[in-house]
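So the sequence lines, in the order shown, correspond to chains A and B. The opening position of the first sequence corresponds to residue 1 in the numbering used here, with each subsequent residue numbered one higher. The opening position of the second sequence corresponds to residue 1 in the numbering used here, with each subsequent residue numbered one higher.
FYI, nobody ran anything at the bench for these hints, they're computed from the structure. Glycine residues also receive a C-beta, built at the ideal position from the N, C-alpha and C atoms. Some clues are possibly wrong.
To be verified - Calculated cross-link-like contacts (lysine to aspartate or glutamate; reagent style EDC-like; alpha-carbon spacing at most 16 Å):
no., chain 1, residue 1, chain 2, residue 2
1, B, 210, B, 230
2, A, 31, B, 290
3, B, 29, A, 228
4, A, 8, A, 273
5, B, 29, B, 290
6, B, 210, A, 69
7, A, 14, A, 432
8, A, 8, A, 187
9, B, 210, B, 162
Unchecked claim - Derived, one-sided and incomplete: chain B residues facing chain A with beta-carbon distance under 7 Å:
no., residue
10, 74
11, 110
12, 118
13, 136
14, 215
15, 344
16, 356
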Amino acid sequence: MTQHNRAKFQPSGKIQFGIFFQGVNSGTIWKAPESGSQTDFESFRRIAQTAERGLFAAFFLGEGLRLREHLGRPHALDVAGRPDAQTMLAALASVTSNIGLVATQNTTYNDPADLAHRLASLDLLSGGRAAWNVVTTDNAWTGANFRRGGYLDHADRYVHAEAFVETAKRIWDSWEDGAVSSSVSADAWAVPGHARRVHHSGQHYSVDVTPRLPRSAQYRPVLFQAGDSPQGRDFAARQADVIFSAHPKFDDAVEFRADIISRSLAAGRGANDVQIMPASEFILAGSDEEAREKKEWVRSLQIGPQQAVAYLEQFWGRELSAYDPDGPLPEIDPVVEETSETRGSGFHGAKARQLAEQWRAEAKEKGLSIRQFVSSRTSRVDATFTGSYTAVADTLAEYARVGAVDGFNISPWLIPSGLDDIVNHLVPELQERGVYPTEYAGSTLRENLGLATPVRSEALEPVPAGGVR
Amino acid sequence: MSGISRPGQPGFLALELDGDGAHPAAWRKARHAPDELLNGSRIRNTVLAAESAGFHVATFADGSGTDGSGAGGRDVAGRLNALQRAAFAGPVTSSIVLVPEVDTVYTEPFHISTQLASLDYVSGGRAGWLVAASGSAEEAAAVGRSFVEGAALAQEAAASVEVSRRLWDSWEDDAVIRDVPTGRYLDVDKLHYVDFETPADFAGAGYSVKGPSIIPRPLQGQLPVVAQADLLPSDVDVVLVSAPTPSLLAAEVAEVRARLTADGAGAAVVAELDVVLDSRGQSASARLAELDAFTPWSSSRARFVGTAAELADFLAKLLAVADGIRLHPAVLDVELEELAQLVLPELRRRGVLKPVAQGGTFRELLGLERPVSRYASLGSEARAAVVGTEN
Numbered sequence: 001m002t003q004h005n006r007a008k009f010q011p012s013g014k015i016q017f018g019i020f021f022q023g024v025n026s027g028t029i030w031k032a033p034e035s036g037s038q039t040d041f042e043s044f045r046r047i048a049q050t051a052e053r054g055l056f057a058a059f060f061l062g063e064g065l066r067l068r069e070h071l072g073r074p075h076a077l078d079v080a081g082r083p084d085a086q087t088m089l090a091a092l093a094s095v096t097s098n099i100g101l102v103a104t105q106n107t108t109y110n111d112p113a114d115l116a117h118r119l120a121s122l123d124l125l126s127g128g129r130a131a132w133n134v135v136t137t138d139n140a141w142t143g144a145n146f147r148r149g150g151y152l153d154h155a156d157r158y159v160h161a162e163a164f165v166e167t168a169k170r171i172w173d174s175w176e177d178g179a180v181s182s183s184v185s186a187d188a189w190a191v192p193g194h195a196r197r198v199h200h201s202g203q204h205y206s207v208d209v210t211p212r213l214p215r216s217a218q219y220r221p222v223l224f225q226a227g228d229s230p231q232g233r234d235f236a237a238r239q240a241d242v243i244f245s246a247h248p249k250f251d252d253a254v255e256f257r258a259d260i261i262s263r264s265l266a267a268g269r270g271a272n273d274v275q276i277m278p279a280s281e282f283i284l285a286g287s288d289e290e291a292r293e294k295k296e297w298v299r300s301l302q303i304g305p306q307q308a309v310a311y312l313e314q315f316w317g318r319e320l321s322a323y324d325p326d327g328p329l330p331e332i333d334p335v336v337e338e339t340s341e342t343r344g345s346g347f348h349g350a351k352a353r354q355l356a357e358q359w360r361a362e363a364k365e366k367g368l369s370i371r372q373f374v375s376s377r378t379s380r381v382d383a384t385f386t387g388s389y390t391a392v393a394d395t396l397a398e399y400a401r402v403g404a405v406d407g408f409n410i411s412p413w414l415i416p417s418g419l420d421d422i423v424n425h426l427v428p429e430l431q432e433r434g435v436y437p438t439e440y441a442g443s444t445l446r447e448n449l450g451l452a453t454p455v456r457s458e459a460l461e462p463v464p465a466g467g468v469r
Numbered sequence: 001m002s003g004i005s006r007p008g009q010p011g012f013l014a015l016e017l018d019g020d021g022a023h024p025a026a027w028r029k030a031r032h033a034p035d036e037l038l039n040g041s042r043i044r045n046t047v048l049a050a051e052s053a054g055f056h057v058a059t060f061a062d063g064s065g066t067d068g069s070g071a072g073g074r075d076v077a078g079r080l081n082a083l084q085r086a087a088f089a090g091p092v093t094s095s096i097v098l099v100p101e102v103d104t105v106y107t108e109p110f111h112i113s114t115q116l117a118s119l120d121y122v123s124g125g126r127a128g129w130l131v132a133a134s135g136s137a138e139e140a141a142a143v144g145r146s147f148v149e150g151a152a153l154a155q156e157a158a159a160s161v162e163v164s165r166r167l168w169d170s171w172e173d174d175a176v177i178r179d180v181p182t183g184r185y186l187d188v189d190k191l192h193y194v195d196f197e198t199p200a201d202f203a204g205a206g207y208s209v210k211g212p213s214i215i216p217r218p219l220q221g222q223l224p225v226v227a228q229a230d231l232l233p234s235d236v237d238v239v240l241v242s243a244p245t246p247s248l249l250a251a252e253v254a255e256v257r258a259r260l261t262a263d264g265a266g267a268a269v270v271a272e273l274d275v276v277l278d279s280r281g282q283s284a285s286a287r288l289a290e291l292d293a294f295t296p297w298s299s300s301r302a303r304f305v306g307t308a309a310e311l312a313d314f315l316a317k318l319l320a321v322a323d324g325i326r327l328h329p330a331v332l333d334v335e336l337e338e339l340a341q342l343v344l345p346e347l348r349r350r351g352v353l354k355p356v357a358q359g360g361t362f363r364e365l366l367g368l369e370r371p372v373s374r375y376a377s378l379g380s381e382a383r384a385a386v387v388g389t390e391n
């Protein structure tokens with residue numbers, strides 16, 4: 001591909017699917033008779049194998065660092081409890097053969113040499129299918145579970161994360177290609193001087209290590225990133241292979257794509273070098289009408305009366321159990337100016353009193369009860385595709401045609417059967433339209449996503465004389 | 001506690017599955033090329049061979065061991081993460097217990113606890129933890145920490161084990177209630193802060209861990225903890241015992257057991273043994289000489305060099321005093337074949353090995369009951385009081 005072409009975005013004409021097994025959060029229905037365990041290995045195995053049957057590119061796991069709290073203690077209504085991402089993915093590597101294995105891991109409460117080594121290990125164990133979703137959690141509340149506590153300022157998190165990622169890349173790139181002998185009668189296990197030491201000395205950590213693993217079949221783990229602030233987008237444009245975005249709605253997706261293209265070009269990368277897979281949810285049926293009914297059922301189970309009240313309590317900072325979930329929003333004001341006392345909920349810093357006033361006005365105007373209001377706020381309207389298999393397939397084909405996204409990272413609302421109808425009915429519709437793979441392109445995640453072989457990171461130290469063959 | 005097996009009862013056998021074997025030159029005699037070592041197939045094949053041979057336990061060594069430059073590329077310079085190797089083996093095996101070595105000094109106790117609990121889930125309760133306390137300057141430099149040694153190592157290990165033990169108990173067994181009428185997924189009275197603080201005399205940088213864990217209680221409640229004798233003063237389920245020569249091993253096992261008994265500890269005692277066997281017409285000593293000519297093998301363990309029949313005799317006698325024996329094969333591919341075909345069948349014939357239980361847990365193998373969570377009897381008021389006094 002010439003330099004000129006690299007600057008021009010070329011839609012692939014295809015979309016890919018990933019599966020985001022959350023196992024936590026209110027999006028996962030646990031009240032239905034068909035709801036299974038969210039921690040048993042069999043649930044993970046079934047979802048991963050179903051996804052692989054549907055030619056999904058990736059199986060994605062989040063990360064837990066501290067149990068969420070509500071009004072100062074763990075939250076009774078919270079769906080919580082999940083295994084360690086990389087341990088689970090290593091186990092799934094033995095019962096799958098093509099699907100990518102994506103671990104969300106933070107850069108604050110991990111050590112670069114240790115994390116890079118474990119990701120390289122997962123990459124080799126899985127035959128080149130590992131990926132790292134880089135997150136930058138920084139609060140001291142989470143730090144209470146870790147040796148160093150809350151040592152990092154929020155403002156420094158991307159500077160820190162970028163140095164971390166660059167160090168990880170140097171560790172992955174440190175072994176020469178073909179360093180390990182391929183002959184049973186070799187004179188030496190590896191080429192002398194095959195590995196370069198990696199030094200890093202920074203504000204928050206220092207690293208001095210001779211990496212212990214060679215490159216994998218896909219060279220090094222694929223990098224995902226999900227930050228949506230301007231800083232986060234620039235970080236992704238410089239470092240990531242795939243963005244796990246929050247913009248699945250068509251117009252937003254097109255706009256986000258244009259933004260990422262310009263940031264990628266500014267970072268010296270090609271227009272197609274950074275892929276985009278938004279978070280999404282699918283509620284599908286044989287007809288649009290049935291799908292709408294199913295959606296009502298899904299929503300009623302995701303947000304019950306207690307969850308609706310608890311949702312408001314996060315913002316009000318006080319018990320609201322005396323309020324009728326089917327009545328109007330509470331007249332009393334929140335007890336906190338900022339909602340920073342509610343932890344791990346993702347709403348830090350919102351101005352609670354101002355929000356409460358806005359919400360009361362909105363609910364009154366639309367005639368919504370607490371339950372209806374909360375449901376409307378939490379249903380992720382933008383991220384949900386609801387409709388018949390054929391209608392949704394038509395919609396997705398349009399995304400593929402213009403290249404609005406490279407794929408969707410799907411959170412099933414039911415475990416472990418939540419991908420069945422997507423794989424059995426939606427995937428064939430997409431294949432018929434020529435916008436979905438009909439086989440895995442290869443055995444590595446990089447091949448299956450159509451990503452180029454990475455360029456060896458530059459900041460490596462010179463190899464000793466005679467060390468490279 | 002029902003207690004572990006006593007001398008005279010059948011014992012168990014563990015096999016260390018690291019790399020190509022315990023001898024540094026093992027890769028030269030492995031039945032595959034060097035670049036076929038670091039992948040999933042190798043893990044699958046070796047752990048299935050060990051399970052099929054009737055080993056009760058597989059262990060997975062970790063740590064950088066050597067400087068990664070690999071002595072000029074002559075010895076194996078690469079190793080996959082031990083906990084991941086064990087996790088990979090979980091779904092493809094059904095009876096063998098999986099025990100990775102995990103360091104306690106240069107790692108985050110909270111992550112270790114979660115990773116090991118997760119291993120218990122993916123293996124159906126067949127997980128254990130071989131506690132290591134790295135005294136290597138290399139590993140300290142890798143993570144930018146100051147080098148820890150001596151008594152401080154034992155302190156680091158004890159603190160890390162205590163954190164994991166508390167976190168594994170921090171969700172009581174019935175904390176996930178899924179109560180549809182009230183909308184409660186969790187019973188929060190059954191979730192507990194662990195509020196761990198390192199002791200005042202802690203040599204390294206002190207730290208605290210709040211809890212609770214992010215994963216429900218492991219299937220076994222508490223994973224069995226395995227450690228070298230003298231690393232941990234208490235809270236160990238399996239103690240590994242080494243001696244300079246095979247002839248001193250039985251006496252050392254007896255001495256460690258006497259010491260443990262005097263301290264009121266009921267840990268299982270497992271003897272450590274390097275093994276080199278006759279194979280395919282070549283004597284064990286000739287094989288060892290050939291390997292040593294490439295790279296000399298130094299090890300702190302007793303080394304058995306001889307025939308399969310002699311080894312069976314030796315192990316049968318040792319199992320009369322030890323609860324189990326862990327074998328470190330000089331060359332995994334070679335020794336495992338001899339062990340599977342000649343040694344284990346003979347030991348089974350003599351009735352000195354425990355039966356292998358399909359789907360059994362590590363605790364069951366050790367004769368340990370599934371413990372109740374240390375926080376189980378505490379209501380919410382009592383819990384508040386304990387949080388204030390426990391440390």
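For each hint, the structure was consulted:
1. B:210 <-> B:230: The given pair, whose Cα atoms are some 28 Å apart, is violated under the 16 Å limit.
2. A:31 <-> B:290: The hint is violated at about 65 Å.
3. B:29 <-> A:228: 53 Å, violated
4. A:8 <-> A:273: 11 Å, holds
5. B:29 <-> B:290: 10 Å, holds
6. B:210 <-> A:69: 13 Å, holds
7. A:14 <-> A:432: 12 Å, holds
8. A:8 <-> A:187: Measuring from Cα to Cα gives roughly 49 Å; hence the hint is violated.
9. B:210 <-> B:162: 13 Å, holds
10. 74: 5 Å, holds
11. 110: 4 Å, holds
12. 118: 4 Å, holds
13. 136: For residue 136 of chain B, the interface hint is violated, since the closest Cβ of chain A sits about 12 Å away, which is over 7 Å.
14. 215: 5 Å, holds
15. 344: Violated: closest Cβ of chain A sits about 25 Å from residue 344 of chain B, beyond 7 Å.
16. 356: 21 Å, violated
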